[in-house]
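Undergrad: Heads up: the sequence shown begins at 5 in this note's numbering, then just goes up one per residue.
It is possible that part of the hints are untrue.
The list that follows gives simulated cross-link-like pairs (lysine-lysine, DSSO-like), each with its CA atoms no further than 30 Å apart [as the list claims (entries may be wrong)]:
1. Lys167 <-> Lys155
2. Lys94 <-> Lys142
3. Lys138 <-> Lys167
4. Lys167 <-> Lys101
5. Lys142 <-> Lys101
6. Lys50 <-> Lys123
7. Lys207 <-> Lys101
8. Lys101 <-> Lys91
9. Lys101 <-> Lys201
10. Lys91 <-> Lys138
11. Lys50 <-> Lys101
12. Lys50 <-> Lys94
FYI, nobody ran anything at the bench for these hints, they're computed from the structure.
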Amino acid sequence: RRSKSPEWPVSAFGQLYDEETTERVRALAHMCDSNTNRFGLSRVSKQLKWGSADAGLDEVLCNDGRPAIFMLVGEVEHAAFYDEYDKPEKFVRISIKPMYHSDLTVAHNMLRNCCHNVKTSEHLFYDLIEAARKQTRKMRNMRGTEAYEFKHAYDASNSYGPKSTMATISPSDIGYRDLVLIECKMVRFRVDHESGKATYYVKDWASWRCRFDIVSVCRLRQGQDNTDSDCGEDENVPVI
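Generate the whole structure from the sequences, applying the supplied hints.
TA: Printed below as a string of structure tokens:
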């Protein structure tokens, strides 16, 4: 029986990448590193389970008792780290079109299958993977919370590695069509069984939904500008 052809990374925006970038995309998307617990979606372990409450990890999907880090590689469709007044958002989001279509299928299946006892179904964009993160902390000497800036954005245009080896960039520098790697965890949050909306001040895990929770965003390449291409000689094209 003939083996399946390997899936090739494809730009949803039709951007062209050199061979070196394509190889980096392939390596990152298919990573399987048990030492740092990093996995591409095509290499997700079947042994994943929710962490221990004693270790404070009962809301995080873990591998061998440690939080699993998932590698999402794709081009940015939308990123929201600041509001219209350039103030940090309380809940930051980034959506990508993955370079591998199979990653989209796996991501959506994980978000659906990891939920529990919820009547409403997940509303997922058919061509996007979204990751998010809560960016609030308690205010000193005051009631309530405040937003604080997301600072885990890195320039990985030359190489990806330990964070100490990559220069930090402002999240505002991450824009439309940029090729990025999102490192994230899968976390669950308690919800109402009927509506699927988040609930608070509930300790037991009776009903929950899940999301990809951002750990870091590494920019591999800036989005390419649109340029008018040469249409070639057309003076003698007949008028029809």
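Undergrad: What are the numbers of the hints that this structure violates, sorted from low to high?
TA: 5, 7 and 12
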